[in-house]
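Quick mapping for you: the protein sequence lines, in order, are chains A and B. Note that our numbering gives residue 464 to position 321 of the first sequence, counting from 1, and the numbers run on in steps of one. Note that our numbering gives residue 148 to position 5 of the second sequence, counting from 1, and the numbers run on in steps of one.
This list has only true hints and no planted wrong ones.
Derived CB-CB ranges, DEER-like: (1) 154(A) / 441(B): 50 to 58 Å; (2) 472(B) / 283(A): 51 to 59 Å; (3) 515(A) / 445(B): 54 to 62 Å; (4) 417(B) / 265(A): 34 to 42 Å; (5) 256(A) / 410(B): 36 to 44 Å; (6) 345(B) / 312(A): 48 to 56 Å; (7) 520(A) / 382(B): 45 to 53 Å; (8) 478(B) / 213(A): 49 to 57 Å; (9) 280(A) / 472(B): 52 to 60 Å; (10) 348(A) / 356(B): 17 to 25 Å; (11) 356(B) / 152(A): 47 to 55 Å; (12) 472(B) / 483(A): 40 to 48 Å; (13) 444(A) / 472(B): 39 to 47 Å.
Example chain A residues on the side facing chain B (calculated, C-beta under 8 Å, incomplete): (14) 168; (15) 338; (16) 344; (17) 345; (18) 364; (19) 397; (20) 407.
Quick caveat, the hints were computed from the structure, so don't treat them as lab data. Remember, predicted model here, so these are calculated numbers, not experimental data. Built from N, CA and C at the ideal position, the CB exists for glycine as well.
Chain residues, written in single-letter form:
Number of protein chains: 2
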Amino acid sequence: MEKSTEKWIVEEKDFLLPEPLLLDCGKTLNGVSLRYETYGKLNADKSNAIMVFHALSGDAHICGYHSPEDAKPGWWSDMVGPGKYIDTDKYFVICSNVLGGCSGSTGPRSINPDTGRMYNSDFPVITIRDMVRAQHALVKSFGIEKLLAVVGGSMGGMQALEWVVNYPEMVRSALPIATTTQLSAQGIAFNWVSREAIKYDPNFKNGEYTAENVPDKGLATARMLAHITYLSDESMGRKFGRGLQKSENYSFNFDYDFQVESYLEHQGRRFVERFDANSYFYITRAIDYFDLASRYKGDLAKAFAKVKSSFLVVSFTSDWLFPSSQSITLVRALLKNKLEVTYVDIDSSYGHDAFLLEFETLGAMVRDFLDNEFKKISENS
Amino acid sequence: MEKSTEKWIVEEKDFLLPEPLLLDCGKTLNGVSLRYETYGKLNADKSNAIMVFHALSGDAHICGYHSPEDAKPGWWSDMVGPGKYIDTDKYFVICSNVLGGCSGSTGPRSINPDTGRMYNSDFPVITIRDMVRAQHALVKSFGIEKLLAVVGGSMGGMQALEWVVNYPEMVRSALPIATTTQLSAQGIAFNWVSREAIKYDPNFKNGEYTAENVPDKGLATARMLAHITYLSDESMGRKFGRGLQKSENYSFNFDYDFQVESYLEHQGRRFVERFDANSYFYITRAIDYFDLASRYKGDLAKAFAKVKSSFLVVSFTSDWLFPSSQSITLVRALLKNKLEVTYVDIDSSYGHDAFLLEFETLGAMVRDFLDNEFKKISENS
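Work out the full structure, taking the sequences as your base and the hints as a guide.
This is the structure:
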């Protein structure tokens with residue numbers, strides 16, 4: 144990793160898990176590899192490491208550029224980088240593409256070492272906890288005993304929560320943002336319909352599609368649907384309203400007439416260029432299955448019984464996919480365990496996507512929370 | 144129409160429009176026919192007629208049974224019928240299947256009299272106003288000069304509003320329920336994705352499908368998506384939560400695991416048995432295009448300038464498809480015109496579907512409002 148005067152060039156790396164990965168479904172995955180990136184330097188006592196987790200469609204590339212030709216920096220570059228809110232001049236930041244993903248880590252389109260062929264539908268159904276188990280091996284490989292923080296929005300927040308629950312000794316603080324402790328019935332329903340759209344694409348072939356004929360129409364439809372759930376009624380109204388795309392009058396046909404239709408089409412088209420339908424299947428299922436309370440007979444507070452981390456819990460007022468009430472449920476369970484919790488419900492009209500957009504408010508809080516946590520270590524040592 | 148001791152048998156009828164129908168798109172439809180039903184008796188001075196409008200997937204069959212073998216009565220039979228809130232012992236109630244529909248009225252699967260073949264994609268893009276124009280001819284055919292009331296929920300409410308705006312002299316009172324004066328960007332977006340799911344079904348063939356190979360998978364997906372928008376997060380949580388369908392543990396596959404998934408599948412399957420994909424295309428487009436203010440340069444109040452009707456406007460607190468704020472926008476525009484308006488935001492957790500479920504609260508208000516309106520006529524005469 145090096146800074147250029149123009150663009151900050153960062154490097155992708157691969158980590159091969161030294162052991163087979165035992166999964167929640169009971170199966171074992173051999174030869175699991177995680178694509179990851181790191182930013183900043185791990186300090187001498189390895190106390191400045193922060194793990195960041197990406198959401199459903201993200202990847203390991205948080206910030207910087209892979210090459211001077213890259214048009215865009217990583218997906219959270221407003222938040223993470225030298226001098227940014229999560230300051231890589233101060234902290235060592237790690238992010239890996241999730242298990243099941245399609246951006247370098249082992250996933251359904253990887254070669255199964257046992258057969259020499261793509262997994263496709265043979266890939267086992269994974270969970271958020273399985274993703275975290277793989278990340279745990281990566282963090283251990285750095286010799287890190289305790290992460291300063293685990294940070295993530297949406298599905299990234301689910302991973303942060305699984306980290307504190309499964310490795311309570313290894314996490315000083317957790318920042319679950321715009322997330323939940325269990326997916327709601329409505330969330331399960333949206334994921335189901337998304338997968339139906341993919342499943343019924345004739346190219347899908349029950350997951351056994353070829354690289355030449357991918358189910359891009361089904362995947363685009365799934366993405367368009369999901370995209371609506373990431374925005375708020377208000378933000379869509381302000382951004383598009385009933386604005387027409389091509390002329391001042393209705394076309395009286397079924398092409399896109401409205402700007403919002405054209406925008407969705409564009410989002411769908413762009414998505415299929417970078418994402419895989421099988422990964423979409425597996426990752427949405429992992430999200431469906433996420434339910435911290437279920438392993439404790441529905442008693443969410445018990446999930447955090449061994450946890451000692453401090454928490455910054457953040458929700459956004461217009462997020463209807465993971466509404467504030469779900470963060471409040473989390474906060475209550477944490478407080479029952481007498482844990483240190485700061486909770487903020489940020490006033491925003493951006494809906495669920497606010498965690499990717501509200502840098503000024505979210506960023507300052509995250510920065511100050513991390514600074515406080517880091518200061519505590521210095522004072523204790 | 145007659146009452147049996149067991150089941151109230153009602154009859155479907157067809158009305159052939161005497162004139163060609165000039166549409167908003169500029170085209171003309173010849174030989175338009177409306178399937179309709181009536182309940183109760185038109186009184187001597189024809190002052191007791193109420194027109195009820197169905198929503199996207201409804202039909203002309205509001206209440207009663209078509210035959211003693213029918214398992215279920217019409218779609219609003221808790222609301223309309225002898226002794227019900229809209230009392231057919233007192234009022235003459237009319238409902239017709241909308242233009243563009245697939246339950247007996249002229250729609251894209253009807254035979255084009257000019258070609259002798261099904262319209263399919265040759266069917267013109269219609270509007271809510273076009274639907275109302277056809278209904279106007281039906282009402283005129285009874286010799287009715289003025290309807291006591293126009294009543295409808297969701298898309299039915301849009302028709303009620305087009306009635307008062309287009310035929311202000313013919314409507315004594317209007318009851319727009321769980322509706323809006325213009326579809327929001329979010330609503331347009333959901334309709335777009337629904338149509339994408341149909342469009343990408345290989346059976347769809349741009350609307351030119353055969354009766355043997357209908358795009359039932361795409362239509363089912365569209366319906367499942369729409370169905371989510373009809374419920375609330377809260378009602379889905381209470382009805383299904385994260386309940387599993389088959390066993391106590393996750394199946395770790397992609398069949399339906401959760402009750403909500405199984406429920407959606409069931410809804411999708413049932414829907415394709417009774418609904419047509421082309422009608423879904425055309426009717427959702429009509430809903431997209433619905434915007435009362437647009438014909439008055441965005442000034443909604445002007446749309447009601449010639450209106451004299453009294454209004455009962457009803458919204459439901461958990462309806463996020465047509466949220467209460469949209470009914471309040473309507474109420475403000477009516478009040479600017481110094482119209483008599485009663486507005487109720489009914490506390491309900493049922494979401495948009497509340498207009499089909501909240502009979503006790505909604506029904507009593509509708510009954511009393513209609514009684515008051517009917518009494519005014521008697522007092523004036």
